[in-house]
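Visitor: As a plain string of letters, each chain reads:
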Amino acid sequence: MSEVQGPVHVAAEVVATKRIGGYRHLTLTAPGVPERFRAGNFVAVTVDGHVARRALWVHRVRASSAFGPTLDVVVEVRGTGTAWLAAQPVGARIALTGPLGRAFALPKEAVSCLLVGEGYAAAPLFPLAERLRERGCAVSMVVSAPDEARLLSALEARRSARSVTVLTADGSVGQRGTPADHLDDLVRRSEADVVYAAGPPSVLRAAAGAAERAGAWSQVAVEVPTPCGTGLCHGCPLSVVGEDGVDRVVRACAEGPVVRGDRVRWDAL
Amino acid sequence: MVAAGCGGTGRELAAYSGPDGLDGLDFVTRSITLDARMGGPGPRVEEVPGGLVNAVGLPNPGLEHFLATELPWLVRAGVRVVVSIAGSTMGEYADLARRLSRAPGVAGLEVNVGAPDEVGVGLFEVREPYHSASVIAAVRREFPADRPVLAKLRPDVSRIVEGARSCHEAGATAVVIGNAVPAAFPDGRSGGLSGPAIAPVALRCVAEAHRALPDLPLIGCGGVHDLRSANAYLDAGATSVQVGTALLHDPTTVARLRADLSRSHQEM
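So the sequence lines, in the order shown, correspond to chains A and B.
The working numbering puts the first residue of the first sequence at 1, with every later residue one more than the last.
The working numbering puts the first residue of the second sequence at 1001, with every later residue one more than the last.
Simulated from the structure, these hints should not be mistaken for laboratory data.
Using N, Cα and C, we set each Cβ at its ideal position, and we do this for glycine too.
A few of these clues could be false.
Anything over 10 angstroms on all C-beta distances counts as not near chain A; from chain B, calculated [stated by the list, open to error]:
| hint | residue |
| --- | --- |
| 1 | 1014 |
| 2 | 1047 |
| 3 | 1059 |
| 4 | 1101 |
| 5 | 1147 |
| 6 | 1159 |
| 7 | 1211 |
| 8 | 1226 |
| 9 | 1248 |
| 10 | 1251 |
If you want a taste of the chain B side facing chain A, the calculated C-beta under 10 angstroms gives, among others [as the list claims (entries may be wrong)]:
| hint | residue |
| --- | --- |
| 11 | 1051 |
| 12 | 1075 |
| 13 | 1078 |
Have a look at the derived ranges for each label pair, beta carbon to beta carbon [claimed, not checked]:
| hint | chain 1 | residue 1 | chain 2 | residue 2 | range |
| --- | --- | --- | --- | --- | --- |
| 14 | B | 1148 | A | 244 | 56 to 66 angstroms |
| 15 | B | 1089 | A | 191 | 24 to 34 angstroms |
| 16 | A | 177 | B | 1189 | 29 to 39 angstroms |
| 17 | A | 134 | B | 1091 | 51 to 61 angstroms |
| 18 | B | 1227 | A | 177 | 51 to 61 angstroms |
Using the sequences and the accompanying hints, generate a full structural model.
Guide: Set out below in structure tokens:
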């Protein structure tokens, strides 16, 4: 049972790359990973010459393609490691571990869902939207970014969501503003029963708060730097409040990255 | 052997351990304290050239919870469990040793007397060899003589012989060299450096300790990631090695190394 669901450590191969806005998208074959993937999982990759690993969100999984099952990851260049990754050409092989972490929990019934994402970290919402749509859920999406270059896949969002709201902080495309400015209104209009969020802490916190005020559930994909990604190093602390009301520090990579929004101690993040 | 603090709770390694699973694996747990510890604030780990600086703060669920949940799982999986212990007083070390001596499935203890950040986390001060020796003696008194008590020292070249000798005289079965090297994060916070960067330092410590104390079993730890780096320690006089940071880089390292080492032993 756990053997089938657990992560694998494999040599992934880059089969396609493209630059979209400010991000690099890599399409990878990674035997066993797409098959095990659930929306919200992430993968950890080895970067040449670096000890710590880089955690990447999975943006899309294809069950079959000319290369067999593949997965797409989104890379935002932030330092030498991510720059190396973004420069990998087709044919490059990268050690990859995944899928890792807890995935988004899916509702058992066909309920209304609002998906809120900002920047490249919005990636896991796209496979999530497809799963939810398959289950008959009414999916509304909010894709936001500081500017147009960092807006992830607003067009793709329109394919899987009933309604899509685009927000940019500088107003370069869509409505001007941040999720925090619009979320109460959006949660109400979408009549969401569940709010899913992925992005920086400010967006997650706004989503969790808006959900709570509207009496909806929320699940957030938290991004904490994960040195190993596999739960081994205890290097990615996430402060939460347990079911029993007691504060705990859990590993964002192993007990997260997806947690209930009302369980996160946002002030500690 | 999996080094303390680099194997999660042990379960996480199961997915990367090949067909034999964790059966027969020598596993040192992260340091267990009497009471639960949340660990330090983030960022706990930062990458530097050739290694990681860390100040994780020994997060662990406390002895009670460890005995109730984690230990039985590891024992059932066939893991040879060496429990790393850390205490804030001598009495705590003795207490931990006594209670772990009664827990079924504990193959041995590793006494963490070399943590680089012990001042910050309120552990018993063991920087002086005299102090570490008294901790080892207290643990040895409480733990059955037929099971090993390892002393894990920091790889401090100027003190290693003295430290290893006093731990040995106090009853340590073997000495693990070494722990993370005291270091600082780029922002100035105290931490410990681990990974390939410290291998030459730990190797020197192993060589010196072996020269001075040829009868004392030594376990090399620091930057071991493949057969070559493991053999460097064995050639310097270590009887075995621990794998730590390399697991964070590639979780299959231990499974690979176990296979490689047993193959090279068969060839010898």
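Visitor: Checked against the structure, which of the hints given earlier come out wrong?
Guide: 1, 2, 3, 9, 10, 12, 13, 14, 15
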